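Trainee: Residues per chain, in single letters:
Number of protein chains: 2
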Amino acid sequence: MRETWVVGAATNRFGKMAETGREAASRVALAAIDSAGLEPKDIEQTFVSNAFGVAERQAHVGPLINTALGIPEVPSVTIESACSSSSAALHEAFVHVAGGFADAALVVGVEKLSHLDTFASTSYFAMGADYAFESRNGATFPGLYATLASAYRREHGSRPEEFGAVAVKNHANAAMNPNAHFQRPITLDTYLGSPIIASPLRLYDCCPFSDGASAIVVAARERLPRPAAEPLVIRASARAGSVADMHDRETLTGLPATRAAGLKAFRMAKVEPAQIDFLEVHDCFTVAEIMALEDLGFFPKGHAGRATVDGVTAHDGRLPVNPSGGLKAKGHPVSATGAAQVVEIFEQFNGHAGGRQVPKTGLALAHNVGATGGSCSVHIFGRR
Amino acid sequence: MRETWVVGAATNRFGKMAETGREAASRVALAAIDSAGLEPKDIEQTFVSNAFGVAERQAHVGPLINTALGIPEVPSVTIESACSSSSAALHEAFVHVAGGFADAALVVGVEKLSHLDTFASTSYFAMGADYAFESRNGATFPGLYATLASAYRREHGSRPEEFGAVAVKNHANAAMNPNAHFQRPITLDTYLGSPIIASPLRLYDCCPFSDGASAIVVAARERLPRPAAEPLVIRASARAGSVADMHDRETLTGLPATRAAGLKAFRMAKVEPAQIDFLEVHDCFTVAEIMALEDLGFFPKGHAGRATVDGVTAHDGRLPVNPSGGLKAKGHPVSATGAAQVVEIFEQFNGHAGGRQVPKTGLALAHNVGATGGSCSVHIFGRR
Chain A
1 MRETWVVGAA
11 TNRFGKMAET
21 GREAASRVAL
31 AAIDSAGLEP
41 KDIEQTFVSN
51 AFGVAERQAH
61 VGPLINTALG
71 IPEVPSVTIE
81 SACSSSSAAL
91 HEAFVHVAGG
101 FADAALVVGV
111 EKLSHLDTFA
121 STSYFAMGAD
131 YAFESRNGAT
141 FPGLYATLAS
151 AYRREHGSRP
161 EEFGAVAVKN
171 HANAAMNPNA
181 HFQRPITLDT
191 YLGSPIIASP
201 LRLYDCCPFS
211 DGASAIVVAA
221 RERLPRPAAE
231 PLVIRASARA
241 GSVADMHDRE
251 TLTGLPATRA
261 AGLKAFRMAK
271 VEPAQIDFLE
281 VHDCFTVAEI
291 MALEDLGFFP
301 KGHAGRATVD
311 GVTAHDGRLP
321 VNPSGGLKAK
331 GHPVSATGAA
341 QVVEIFEQFN
351 GHAGGRQVPK
361 TGLALAHNVG
371 ATGGSCSVHI
381 FGRR
Chain B
1001 MRETWVVGAA
1011 TNRFGKMAET
1021 GREAASRVAL
1031 AAIDSAGLEP
1041 KDIEQTFVSN
1051 AFGVAERQAH
1061 VGPLINTALG
1071 IPEVPSVTIE
1081 SACSSSSAAL
1091 HEAFVHVAGG
1101 FADAALVVGV
1111 EKLSHLDTFA
1121 STSYFAMGAD
1131 YAFESRNGAT
1141 FPGLYATLAS
1151 AYRREHGSRP
1161 EEFGAVAVKN
1171 HANAAMNPNA
1181 HFQRPITLDT
1191 YLGSPIIASP
1201 LRLYDCCPFS
1211 DGASAIVVAA
1221 RERLPRPAAE
1231 PLVIRASARA
1241 GSVADMHDRE
1251 TLTGLPATRA
1261 AGLKAFRMAK
1271 VEPAQIDFLE
1281 VHDCFTVAEI
1291 MALEDLGFFP
1301 KGHAGRATVD
1311 GVTAHDGRLP
1321 VNPSGGLKAK
1331 GHPVSATGAA
1341 QVVEIFEQFN
1351 GHAGGRQVPK
1361 TGLALAHNVG
1371 ATGGSCSVHI
1381 FGRR
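Just so you know, the protein sequences line up as chains A and B, in that order. Just so we're aligned, residue 1 is where the first sequence starts under the working numbering, counting upward by one. Just so we're aligned, residue 1001 is where the second sequence starts under the working numbering, counting upward by one.
Derived from the structure by calculation, the hints contain no laboratory data. Bear in mind the structure is a predicted one, so any value in this text is a computation, not a measurement. Wrong hints could be hidden among the right ones.
Taking CB as the label site, the calculated pair distances span [stated by the list, open to error]: (1) B:Gly-1138 / A:Thr-118: 26 to 36 angstroms; (2) B:Ser-1114 / A:Asp-117: 21 to 31 angstroms; (3) B:Phe-1119 / A:His-115: 20 to 30 angstroms; (4) B:Gly-1351 / A:Thr-118: 22 to 32 angstroms; (5) B:Arg-1136 / A:Gly-297: 18 to 28 angstroms; (6) A:Gly-311 / B:Phe-1119: 25 to 35 angstroms; (7) A:Arg-57 / B:Ser-1114: 18 to 28 angstroms; (8) B:Ser-1114 / A:His-115: 27 to 37 angstroms; (9) A:His-115 / B:Glu-1250: 33 to 43 angstroms; (10) B:Thr-1118 / A:Gly-362: 54 to 64 angstroms; (11) B:Arg-1221 / A:Pro-160: 53 to 63 angstroms; (12) B:Glu-1250 / A:Ala-274: 50 to 60 angstroms; (13) A:Lys-270 / B:Gly-1037: 34 to 44 angstroms; (14) B:Glu-1250 / A:Arg-184: 44 to 54 angstroms.
Simulated crosslink set (SDA-like; lysine to any residue; CA at most 25 angstroms straight-line) [claimed, not checked]: (15) A:Lys-16 / B:Phe-1133; (16) A:Lys-41 / B:Thr-1251; (17) B:Lys-1270 / A:Lys-301; (18) A:Lys-301 / B:Glu-1073; (19) B:Lys-1264 / A:Lys-301; (20) B:Lys-1264 / A:Lys-16.
Covered by chain A, per the in silico footprint, the following chain B stretches (three or more residues, Cβ under 8 angstroms) [what the hints assert, rightly or not]: (21) 1013–1020; (22) 1074–1084; (23) 1201–1208.
Note that CB positions come from ideal geometry on N, CA and C, so glycine has one too.
Isolated chain A, as found in the complex (with noise of 0.2 angstroms):
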């Protein structure tokens, strides 16, 4: 197996979004690509991620992609995995690079929803759910996730302010961060006079709808010996399934794909947690966050809302986590999340993250989940 770095990396402001979907994801195609150093025609695989792109009529995107490139002849596909579909995309790439099969691949995630209304765009993301045995019977992911919350306050006794911690902590990140959808902090005050959305989760608990483009280009070591910017070497790509719908689960208070994949990665990387500098985790909703941190094994069971309250996860804390603003904040267009955070991560790296710049960047991790956890992507990434 080759090493394999990411490379380049570029992101656009997320939130709402002009132009459609395939212009904006070429345009931070190029962006990506040009950060790297390297031109459209060094690129050999395509890896594209636009889950619901049918909601702009649009399937087959990576072609128009590709020759928006000025590389068409270059071979793309689609990869989805619903809200982890970019991750998923980038270990596509990294098997082909790592592999042999490609020297340098795009990955690119795109989303936009955004000309939908509210009824049309929540249907779109409660597909990535069981249809037969939830969305059918009007499950949407704040009621899926809110059976999360409820059973983990249950089991653990946390107090509202650990989840609204979350929320304060991600805002207050992107405030620093000028591609995020929300740029302005909160209070735990405002968190708590936020209303309910489904108990017991509040807006504040809520990731927003947004429309956004991020992409990376992954190359071979060997073929980008002197890289333009400070490589993200890939250290750990794995992924995990577990049962998809949450009724036939064992457990509701933490995600059994995130362990499996977490274990995978750890002991791919040959690292322990403890060894970890920041993250950026699948905050959809804040106790997604808590319950990553947990399932990650960053904190036993029940205590990661604590840790949240008490500064550790901030960005100049000990444990960084979603030092980007997270989902939650810098928002979350679907299939563009995942290489987000990477994208964050190439930042971090670089020193280029402003603000928010984390203090200790040798080994980062980035934790992405498809719906309620049927699918979950975990990278490790190190320095040269």
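With the hints as your guide, set chain B onto chain A.
Mentor: Just chain B now, with coordinates in the frame of chain A:
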């Protein structure tokens, strides 16, 4: 790169499915695993294709299929490349297994659109084309392929009987395929008397909308040294793209992506077209089969129609083409099509093709096109 085999394969009868896509996919996947003499727990990665799963309100279908198979922890991903989705999924499975990232992988393609009306299904299909420049302006695939057919006829002066011979041959083959959508032969008179759909294409130039599911199991030779059935050795797995929208192409009498993928595949397998014993090609419209045979180098430009009239490509001819009945008559459930071509080659290699059995099964080629050729996959299979 490890020697990699197709060790199991199964399909259902194409046409109209009463069950849901996830149910059909799970059932067929289990049959494919059975045919390999394996159990679900032997599968290490699942690659699903289901381009228009949203028509059933279901994205993220991999975890549902894996859960039905009793292997929820196994990672899954959905692969989309319009009508070439499941051959693109096979390519990913090949890369994982040949590269040593998995010992055995499942590829399952499924599509169900028959619960929609024709306008809605046509709209889904058309999303494989370029929305901004083609489908938004009313172009659907019969119209786009009619443009290719007009250009072909004009350049080569070919007669309607040449397109008709493709339809007659493929219906004759499908009549001997118990899994085909259409199981009755047609005559040239029936073809010539059928209504014009998009001039010059008649009803019998066009493949049907079909529901269907097909699955194959890919494994490393060393994982399964004594397979339960005669395996297909994957001699080549190649993909290419081209300018997606037709108005920007240099030629309309062939598909650049087919030529590029074909050249890659022949180079990888180290064989010449003359060594191939039979083929499954992408005949979504009759002209597509003719162009494919020329683009792949089996006949000089303008000669494949005449060869079809002369019986060269009949199932008992010198170079059998689409012994399964092809998309034209076996049916075209978008994301199941690429895998179904491999199912046919597996049955032919194992001598299970009944009345449509081809005389020689040493080397076979599968050719699968995305939309009007924005993507193309070519696989070449040989014997141990």
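Trainee: Taking 21 to 31 angstroms as the hint, is the beta-carbon distance of Ser-1114 (chain B) and Asp-117 (chain A) inside that range?
Mentor: Between Ser-1114 (chain B) and Asp-117 (chain A), where Cβ atoms are some 28 angstroms apart, the hint holds.
Trainee: Could you say whether the range 44 to 54 angstroms given as a hint is met by the Cβ separation of Glu-1250 (chain B) and Arg-184 (chain A)?
Mentor: holds (52 angstroms)
Trainee: Cut-off 8 angstroms, C-beta pairs, minimum 3 residues; does the coverage of the stretch 1201–1208 of chain B by chain A stand?
Mentor: Our answer is that it is violated, as 0 residues pass the Cβ test (under 8 angstroms) against chain A, missing three.
Trainee: Measuring from beta carbon to beta carbon, are Arg-1221 (chain B) and Pro-160 (chain A) in 53 to 63 angstroms?
Mentor: Roughly 57 angstroms apart at Cβ, these two residues keep to the hinted range, so it holds.
Trainee: Against the 25 angstroms threshold, does the CA-CA distance of Lys-41 (chain A) and Thr-1251 (chain B) hold or violate the hint?
Mentor: holds (22 angstroms)
Trainee: If you check the beta carbons of Arg-57 (chain A) and Ser-1114 (chain B), does the distance land in 18 to 28 angstroms?
Mentor: holds (21 angstroms)
Trainee: Between Gly-311 (chain A) and Phe-1119 (chain B), does the C-beta distance stay in 25 to 35 angstroms?
Mentor: violated (57 angstroms)
Trainee: Quick check: does the Cβ-Cβ distance between Glu-1250 (chain B) and Ala-274 (chain A) fall within 50 to 60 angstroms?
Mentor: holds (58 angstroms)
Trainee: Could you check the hint for me, namely that Lys-270 (chain A) and Gly-1037 (chain B) are 34 to 44 angstroms apart, CB to CB?
Mentor: holds (35 angstroms)
Trainee: Measuring from beta carbon to beta carbon, are Gly-1138 (chain B) and Thr-118 (chain A) in 26 to 36 angstroms?
Mentor: holds (30 angstroms)
Trainee: Keeping to a limit of 25 angstroms between CA atoms, is the pair of Lys-16 (chain A) and Phe-1133 (chain B) held or broken?
Mentor: holds (23 angstroms)
Trainee: Verify the coverage statement for the stretch 1013–1020 of chain B against chain A, using a C-beta to C-beta distance below 8 angstroms and requiring 3 or more qualifying residues.
Mentor: Contact hint for the stretch 1013–1020 of chain B vs chain A: violated, 1 residues under 8 angstroms.
Of the numbered hints given earlier, the model fails hints 4, 5, 6, 17, 19, 20, 21, 23; all others are met.
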